Structures are given as C-alpha cells and as structure tokens.
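Undergrad: In case you want the letters, here they are:
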Amino acid sequence: MKAKIATTWLDGCSGCHMSFLDIDERLLAIADRIELVYSPLVDNKVFPDYVDVTIVEGAVASVDDLAKIKKIRKHTKYLIALGDCAINANVPSMRNPIPVQEIINRAYVENAFIHDVMPKHPALPELLARVMPIHEVVPVDVFIPGCPPSNDTIFYAVAELLDGRIPDLTNKTRFGA
Amino acid sequence: MAANGQIKIFTLKIDGKDVSARSDQTVLQVCRENEFFIPTLCHLEGLSNIGACRLCMVEVAGQRKLLPACTTMVSEAMEVTTTNDKLAHYRKMTLELIFSERNHTCSVCVSNNHCELQFLSQKLGINHIRVPYRFPKFAVDASHPYFILDHNRCILCTRCVRVCDEIEGAHVWDVSGRGIQAKVITELNQPWGSADTCTQCGKCVNVCPVGALSEKGRSVAENTKRSGFLPYLTARRKEKI
Ligand code: SF4
Ligand code: SF4
Ligand code: SF4
Ligand code: FES
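Top to bottom, those sequences are chains Z and E. Going by this note's numbering, the first residue of the first sequence is number 1, and it counts up by one from there. Going by this note's numbering, the first residue of the second sequence is number 1001, and it counts up by one from there.
Heads up, none of these hints are tricks.
EDC-like cross-link-like pairs, simulated, lysine to aspartate or glutamate; straight-line CA separation at most 20 angstroms:
no.	chain 1	residue 1	chain 2	residue 2
1	Z	Lys70	Z	Asp141
2	E	Lys1092	Z	Asp168
3	E	Lys1225	E	Asp1165
4	E	Lys1203	E	Glu1116
5	Z	Lys68	Z	Asp141
6	Z	Lys2	Z	Glu25
7	E	Lys1137	Z	Glu102
8	Z	Lys70	Z	Glu126
9	Z	Lys71	Z	Asp141
10	E	Lys1225	E	Glu1215
11	Z	Lys74	Z	Asp141
12	E	Lys1017	E	Glu1076
13	Z	Lys2	Z	Asp52
14	Z	Lys172	E	Glu1116
15	E	Lys1092	Z	Glu136
16	Z	Lys2	Z	Glu35
17	E	Lys1092	Z	Asp141
18	E	Lys1123	Z	Asp168
Worth flagging that the hints you see were computed from the coordinates, not collected in a lab. Note that the structure is predicted; figures quoted are calculated from it, not measured.
One chain only, chain Z, in its complex shape (with noise of 0.2 angstroms):
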C-alpha cells in the first residue's frame, strides 16, 4: 500500500517547501511508493482522516494555525517538523518580545501612508501573543532543523521514514544551515 503523505505551511516563507521540491527526480524515483493527499502543491482543501507522515513548514503564529495544527496532529501518524520556523519560531517570533497590537499599529498604521486603519475582517485569523514553535503546541516525531534544510537532507528523512525507520539527522542538519 502507498504511504499517504502531506505537506503544510503555517508561519513560514515557503522555503521549506521549495527546498521539498527541490529533491527533484528523486521524488519520481519514490513516487510509486507515496500518495500525496494533501499539500499547498495539490487540490484537496479538507486534511484527510488518515495520513501516515504530514510535512509542516512554519511556526504557530495565528488562532488558524493553532486549529490547524491541532487538527492535523489527530489525523497523522508521523508528525515532522520541517525548517527552523516549524522547529524554534525563528524569524516569525522575533514579534514575540513587542506586544501584538503594537506590532500591527507599527505595521498598518504608523508606517503606512496610505489607509492607515487596523486591519479588521472576519477572515483574518487573530494573531497569537506569542509565536511558538510547533512541539509547544502538539507532539512533534521528527525534527529536522535548518533554513532551509537541505532537499538531500528532507529526501534522506522521508526516504528513512518511508523504509520504516526515523532519521538520524544529527550530522546532516543544524539550526540555520
């Protein structure tokens, strides 16, 4: 049976997952073994009842994010933590030691020079008041940190998972490589 695989971003750049895409053919050599039924790269919009490794990229950064992640954690069996963001908050925290709503008057109002009112819609999910790394949150399996990681070091680690073991990344990765 094919293993069912996601991908996700919350707060993050996509690097992360340009970095995913970046294993090239070597995704074709494994793609008979993998189904990839969730991901910013395909259709489906609702995450499945049941995936056997969910991918995130990004810190938990929003009230959305914080119900995604959660949701998404019931529904996986093995949870990576992909990327410094997903890992330590990296650049997404560096708001954590300025009060929220200074950081969006900073941004939407005192900087702007054009319409410069607080943003407000019912689509904007809330911001949390302080972005956490995603093992705060939920149980993460697998770490594999950097910024981003490389795509030999994202392939070795599906690849380990797939074969029914979890990486060793300890020489292959680092925070910030």
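Given chain Z, work out where chain E with the ligands should sit, using these hints.
TA: Leaving out everything else, chain E with the ligands in the frame of chain Z:
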C-alpha cells in the same frame, strides 16, 4: 602542585584508560591532550577558568557531585568519566537552557555557520529545545565605531570580560544584575561607544563564541572569530619575551 612548588607527575584514569598528567594541569587540559572530547563554552585557552557554563561536567569516582573539568585540578589515581548517559543528559539540558534564555535566530545571525553554540548543539544531537523559549526583550548597542554588542545572543560566558581585563588590561567589561537579569556591561553601564577605557583592540569580539559581539561593516561570512592568538600572548607574557 606539591607543597615545595615542584611539579609532580600523576597517573590517572580517563574513561578507563591510564594517562599521566602534570600536577598543575586541569582535568580538561589532560582530557584534551589525550583526545577525549569535552564540550566547553566559557573556557578559552589563554584565559583564566571560571566554571560558568557547566558544559564541561565530568564524573570523578568518589565524588557525589559532577565536577567542571575546566576548574578541577588533577590528582593522583583520580578516575574520570567523560561520557555517559547522565553527562549527556545534563550537557544537553544546559545547552537547551542557554538557547531558551535569549533570542537565538541562527538563520539571520552574524555568526551563522561559525558559532560555537550552534556547532555544539549539533554535536550533542540537539534538534529542538524542550523548555519553552523566554523571548526576552534585549537591546543592541551599536554605539561603538567598530563593534556591535547584541545582548540577544549573549550566553554570559564572560570571555569578553576576562580577555579585556587579563590580556588587554583595560577592564571595560563587567557583568551587572543577577540570574536571569544578568547582562554584560561596558564601563558603568554606559554605551560602549562612550567608553574612554576601550582601546578598540577587538580582543573581546574575537573571543566571543557567539554572535553577541561582532565587527561592523562585515558580512556574516566575514564575521569569523580569531582567538588563536591568545595562548601565544599569555605564554610570551609569562616568559616576558
Ligand atoms: S549566536 Fe550562534 S546559536 Fe545564537 S543565533 Fe547566532 S548562530 Fe545561532
Ligand atoms: S575592544 Fe579591547 S579594550 Fe575595547 S572592550 Fe574589547 S577587549 Fe576591551
Ligand atoms: S558578549 Fe560574547 S564573550 Fe561576552 S559574555 Fe556574551 S557571549 Fe560571552
Ligand atoms: S568550560 Fe568548564 S564550566 Fe564552562
């Protein structure tokens, strides 16, 4: 050292292996001479040892507590353990706490790819920090014409304090506050740029193991540290060359 000031030769066991050492050596020196790996951050060859970071902890037979290898002198028939699960556990925990105390954003740090903290975290197999980050609010002092101090990255190893005092003889640096409030300061907590005592020698920048002290106008790749000069300088001063 022996009472009459003469140096003796001791025999001790490190991880079960017999080694000999001079009585004026620390456990760390003997371990390094014999190629046993011990992680360190506050220790730097050429500076005094203060046992601040607690990364170099080892087990010594007959001692209930773990001892810092950098400040523990060797003794005859000492039995030292440098690696086991307990030590690995404490060393990891120590490093994780250091990460959680300040804001370490490696991807955008001046020391990315040449940082001792970053490399040690990889070497000890740390891929996430298990305690919650504190995300404190700390300032950056860019008032000095050549150098920058970023408290967000400081690990309070006090290498800057010691090199400026012991080697440069200027004693610009000190530590103010206690515990979580502690931070390095220049002169009496004045901006570094206004510190008349600073000779602008750059020694503090070059011994800083992390991105807390860096040179202005240099790219991340250029902001490498050169601390190799220290042992020579100290040795030559001892010999009064
Ligand atoms: S000082 Fe080192 S560990 Fe801290 S952010 Fe910079 S590179 Fe990373
Ligand atoms: S540049 Fe030299 S004198 Fe100035 S603070 Fe650093 S070590 Fe001390
Ligand atoms: S500024 Fe650098 S050398 Fe000084 S205490 Fe902080 S980390 Fe250590
Ligand atoms: S190196 Fe020994 S305590 Fe820091």
